[in-house]
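Colleague: Taking the hints into account, I'd like the entire structure generated from these sequences.
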Amino acid sequence: MTTIAIHNGRVIDPALGRDGIADVVIVDGRIARVGPNEGDAVIDAERIDAGGLVVAPGFVDLHTHLREPGQEHKETIATGTLAAARGGYTTVCAMPNTSPALDSRAAVESVLREADASAVVRVLPIGAITMGRKGAELTPQGELRNAGVVALSDDGDAVADPSLMRHALEYSTQFNLPVAQHCEDPSLVRDGQMHEGWVATRLGLRGRPASAEETMVARDIALAELVGAHLHICHVSSAGSVALIAAARERGARITAEVTPHHLTLTHEEVAFGDDYVRIRYNTHAKVNPPLREETDLEALAIALRDGVIQAIATDHAPHASTDKDIEFDLASPGLTMLETAFGLSMRLVTQGKIDLPTLIERMTIGPVRAWRLDEQPGLEGLGTLAPGALGDVALLDPTSAWTVDPAAFASKGKNTPLAGKTLTGRVVATITGGRLVHETDRVVAL
Amino acid sequence: MTVMASTTAHTATREDPVSPWQHEHVLDLDDFTVPEIETVLNLAERMREVLDRRIARVPALRGYTVVNLFYEPSTRTRASFELAGKVLGADVISVTASTSSVAKGESLIDTVRTLRAMRADAIVMRHSIAGSPYLAAEHTDASIINAGDGSHAHPTQALLDLYTIRDRLGSIRGKRVVMIGDIAHSRVARSDMWGLAAMGAEVVLCGPPTLMPRGLRAGDRPAHAESALPAVTLETDIDRAIDGADVVMALRLQSERQQGGLLPSLHEYAQMYQVTQARLAKAKPGHVLMHPGPKNEGIEIAGDVAAGSNSIIEEQVTNGVAIRMALLYLLSGRTELPGGAPAEGGTANTEGGPRS
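Line by line, the protein sequences give chains X and H.
Our numbering numbers the first residue of the first sequence as 1 and each following residue consecutively.
Our numbering numbers the first residue of the second sequence as 1 and each following residue consecutively.
No lab work stands behind these hints, which were simulated from the structure alone.
Treat the hints loosely; a few may be bogus.
Claimed, not checked - Derived DEER-like restraints, expressed as beta-carbon distance ranges:
| hint | chain 1 | residue 1 | chain 2 | residue 2 | range |
| --- | --- | --- | --- | --- | --- |
| 1 | X | R279 | H | R240 | 29 to 39 Å |
| 2 | H | G219 | X | G252 | 35 to 45 Å |
| 3 | H | E256 | X | G228 | 40 to 50 Å |
As the list claims (entries may be wrong) - Residues from chain H that keep clear of chain X, each with C-beta distances beyond 12 Å, as calculated:
| hint | residue |
| --- | --- |
| 4 | E49 |
| 5 | G89 |
| 6 | V95 |
| 7 | T96 |
| 8 | G244 |
| 9 | A281 |
| 10 | G308 |
Where a beta carbon is used, it is the ideal one built from N, C-alpha and C, also for glycine.
Modeller: Next comes the structure, spelled out in structure tokens:
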């Protein structure tokens, strides 16, 4: 029997409405007790002094690219989950754009087997919507659900064919699986490289207009409402999409949505400019789909996150090798590595007064769990909370600690971040998954 | 044309603290100051004199190696750089590369480093992907000259346009310069607008809405970024655009724009946007007509206009060699001027590359 007692931290557990100084006691991998001085009576415990720190449920990421199987040079389940642990994440949902794609029981089981062997946090696989993610035939959703997928997505690509998307949504209703769409109409983005706007004009790069996302968000909301399915909008990036999602939720449609830390905090200027507008650069580390957009989009996204129109911050952690990024802009792979910087970058919203800390933590814990009803999965009861009996998943946070991003020090194989050398305020001090300490910094003081 | 003999000595080098020339690379005109542009134009005037000699050859760049690295086919720009280098006595080789070599694992960075390891002093680069010369410049201390990158920039074309306008009209300041056509995909228009705006011209861009880039109108970008693009006027009506123009520049229309659905037909385009004699009647008397080439006569420009008395299209081509000579010379960091008679050994003390 192993016991961990975390003493005197500011416990923020949004699901239970708790925010105050308390102890958290984990026994045999599950939360045993939470309350002031509850740890004092425990004997034989590993003790952590959390004075001055925030104690939160472990973060849950609905959108992680672990790259295994098939692209282990970019990331593996071992390195990706270690990166997750460094970022305070105790559960990650693995996107199926692997090679092979997760479109069969065998492929899903291979991920779960590898996760059992090498993952330091919980891995929940997402199945593909179409076979091979080719957008032509539906995957066997029942078989995938039985193998353990928690959602369906062809992320990286949109399901372009409206009729196929309608049927994917319709068929999913019998399994109650969320269908997570990467909304960008391929014919409107074609070979676009960044947000369509004045920065793209300056750089001479082809644009991906916000309307390419918005038309598909509108289309898929209509289709989901037609068949009563649960549609999840991945990485919302535009103010127009926010308005569509808000209106649909207002009507009672089963629409959930996520936003990334980078779409909340960085604009398309990141691609072109450093210190001034004289010299330009072509920063492939800021190339991502959907693209980083404009200040007005950032404002709308932050408000939507605050108000719950968007329920989850998701990382879209997309590790790439240097050979995928240190090349011509059009040839560079889209995406950036995010697990290890997600909390620090998202904390900018708190610093800027756009959202308060408990709400931010909500959107990284119980928000995503409820969006996908992950706590209804067998074995995941209480996920995203510090309720007694819940999984012993805890993140220890120092919201005031400033640190400089050094990609070379990442656990992730992906060093592709536009944040290199930037200072972030807000640091993950330790992470406990299922009662196991999987990440700790020297800020952790054992008692 | 009149070659105005320059009386000022151009001893511009990077080491010279009073020199306005600060560039190690020529990537676009957006980071050129007015004195830098004038330095290039003034030196090009001297180069034009050399070029017009019976035996156009001076040893100013002897021992200097220029590599033309072209990832996209080009005859005109490539030939212009080759001649510019050769007139100055540089060693010039041309390499035709392919982006498909990326698939074979040969990255742009590798290629540029390899060329530098062979002691290339300047690499003239043409690439179909915007920004590629910037990537190259980050990874070599050879001088990178952008000879056209995707839809982004073509700074040597812009400099030759500035030179030609100044030469023909006396100055650039206050002149109404109208560029007509596919602005969105034109690297020439992008570089020209920086140079022209810096030199005080009134820049008018004219074309169908599907071929106009976004963000150029005041109000299309946030106030803090006002300086991030040059001040220009947009116009979809060609007659209004040409009204009072000192310079009319027709841009090449690629036929794939029609296939991409950006235009109903080439016929419609010619009707709406072709530069014709009738339309030029509204331009200022003494206006000049330009085209960066290669031109599609009967599409963006009428044949009689291209061959007409106001056309200075061929002068642009000649001046292009002079501009490229000037740029190669400035980038070399050499201080011996190619002013006098071609003298053997006149530059021997500066041989060995720009940063030896």
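Colleague: Would you mind marking each hint as holding or not holding in the structure?
Modeller: Tested hints:
Between R279 (chain X) and R240 (chain H) the beta carbon distance is about 35 Å. The supplied range of 29 to 39 Å therefore holds. For the hinted restraint 35 to 45 Å between G219 (chain H) and G252 (chain X), the CB-CB distance of approximately 39 Å keeps it satisfied. Between E256 (chain H) and G228 (chain X) the C-beta distance comes to about 44 Å, which sits within the given range of 40 to 50 Å. The Cβ of E49 (chain H) sits about 33 Å from the closest Cβ of chain X, beyond the 12 Å cut-off, so the non-interface label holds.
Annotated as non-interface, G89 (chain H) keeps its C-beta farther than 12 Å from every C-beta of chain X; the closest such distance is 33 Å. No Cβ of chain X comes within 12 Å of the Cβ of V95 (chain H); the nearest lies about 17 Å off, and the non-interface call holds. Annotated as non-interface, T96 (chain H) keeps its C-beta farther than 12 Å from every C-beta of chain X; the closest such distance is 17 Å. With a least CB separation of 26 Å from chain X, G244 (chain H) remains clear of the 12 Å interface cut-off, as annotated.
Every CB of chain X is more than 12 Å from the CB of A281 (chain H) (nearest about 32 Å), matching its label as outside the interface. Chain X leaves G308 (chain H) outside its interface by the beta-carbon criterion, the shortest separation being 32 Å against a cut-off of 12 Å.
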